Amino acid sequence: NAGVMQNPRHLVRRRGQEARLRCSPMKGHSHVYWYRQLPEEGLKFMVYLQKENIIDESGMPKERFSAEFPKEGPSILRIQQVVRGDSAAYFCASSPPATLSEQYFGPGTRLTVT
Amino acid sequence: AQKVTQAQTEISVVEKEDVTLDCVYETRDTTYYLFWYKQPPSGELVFLIRRNSFDEQNEISGRYSWNFQKSTSSFNFTITASQVVDSAVYFCALGNAGGTSYGKLTFGQGTILTVHP
Chain Y
30 NAGVMQNPRH
40 LVRRRGQEAR
50 LRCSPMKGHS
60 HVYWYRQLPE
70 EGLKFMVYLQ
80 KENIIDESGM
90 PKERFSAEFP
100 KEGPSILRIQ
110 QVVRGDSAAY
120 FCASSPPATL
130 SEQYFGPGTR
140 LTVT
Chain R
-13 AQKVTQAQTE
-3 ISVVEKEDVT
7 LDCVYETRDT
17 TYYLFWYKQP
27 PSGELVFLIR
37 RNSFDEQNEI
47 SGRYSWNFQK
57 STSSFNFTIT
67 ASQVVDSAVY
77 FCALGNAGGT
87 SYGKLTFGQG
97 TILTVHP
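If you're matching them up, the sequences are chains Y and R in order.
Residue 30 is where the first sequence starts when you use the working numbering, and the numbers rise one by one after that.
Residue -13 is where the second sequence starts when you use the working numbering, and the numbers rise one by one after that.
Hints may contain errors.
Unchecked claim - Derived DEER-like restraints, expressed as beta-carbon distance ranges:
1) Y/Lys80 / R/Pro103: 46 to 54 angstroms
2) Y/Glu81 / R/Asp15: 21 to 29 angstroms
3) R/Ser(-2) / Y/Val112: 31 to 39 angstroms
4) R/Gln43 / Y/Gln79: 31 to 39 angstroms
5) R/Gly48 / Y/Gln79: 35 to 43 angstroms
6) Y/Gln46 / R/Asn44: 46 to 54 angstroms
7) Y/Glu81 / R/Thr(-5): 35 to 43 angstroms
For the record, the hints were derived by calculation from the structure and aren't laboratory data.
Nothing here was measured: the structure is a model prediction, and the numbers come from that model.
Quick reminder that beta carbons are idealized off the backbone N, C-alpha and C, glycines included.
Required output: the full structure, derived from the provided sequences and hints.
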């Protein structure tokens, strides 16, 4: 059973471009969480999604950031018009519906904005 | 609001020393989960342990042990006979166990552990 997959692992964008980060949860997992880790900081919750629904987006910046988890395909975290302050590691975690406390993390995507 | 405090920003030890990483948490929930994760220099997050709030039994796994004390809201992590490979950032996290944010984790700032040969 493959683990949580994230791609790309490293992403470089110039200021003003769009960044699209993908997360494929483990097989059978219908819940996805996105976290952001700014340099030398802990992880901060961004958004919690189930298939086709956003459950909690209280940690997501109001502008430029959006997330989706369609019926088919990976979850996408989209950052429009990136700025240098968006440079961070973005981690995705997934959990099975029956035991939401079991979260399995992907390897992360390291976004660098130049 | 949930909060996790790891007061030790950095710890430096010599190989074979024992080291304890402190974690104090705040929550109004009666049911919750506590976690420890290791983040080695390669950057991925390695799951170490999950403990639910109604199980205060301490746990030992090889050189690792955890001391959960609800009375002081602490969940400390001890590495016995540390090794250079233990060098990493260690995160303590608190998980919601109910409501719409079930599963959401609140992380501490992390403790950087450096083990010198």
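Hint-by-hint comparison with the structure:
{"no.": "1", "hint": "Y/Lys80 / R/Pro103: 46 to 54 angstroms", "in the structure": "holds (49 angstroms)"}
{"no.": "2", "hint": "Y/Glu81 / R/Asp15: 21 to 29 angstroms", "in the structure": "holds (28 angstroms)"}
{"no.": "3", "hint": "R/Ser(-2) / Y/Val112: 31 to 39 angstroms", "in the structure": "holds (35 angstroms)"}
{"no.": "4", "hint": "R/Gln43 / Y/Gln79: 31 to 39 angstroms", "in the structure": "holds (33 angstroms)"}
{"no.": "5", "hint": "R/Gly48 / Y/Gln79: 35 to 43 angstroms", "in the structure": "holds (36 angstroms)"}
{"no.": "6", "hint": "Y/Gln46 / R/Asn44: 46 to 54 angstroms", "in the structure": "holds (50 angstroms)"}
{"no.": "7", "hint": "Y/Glu81 / R/Thr(-5): 35 to 43 angstroms", "in the structure": "holds (41 angstroms)"}
No hint from the list above goes unmet by this structure.
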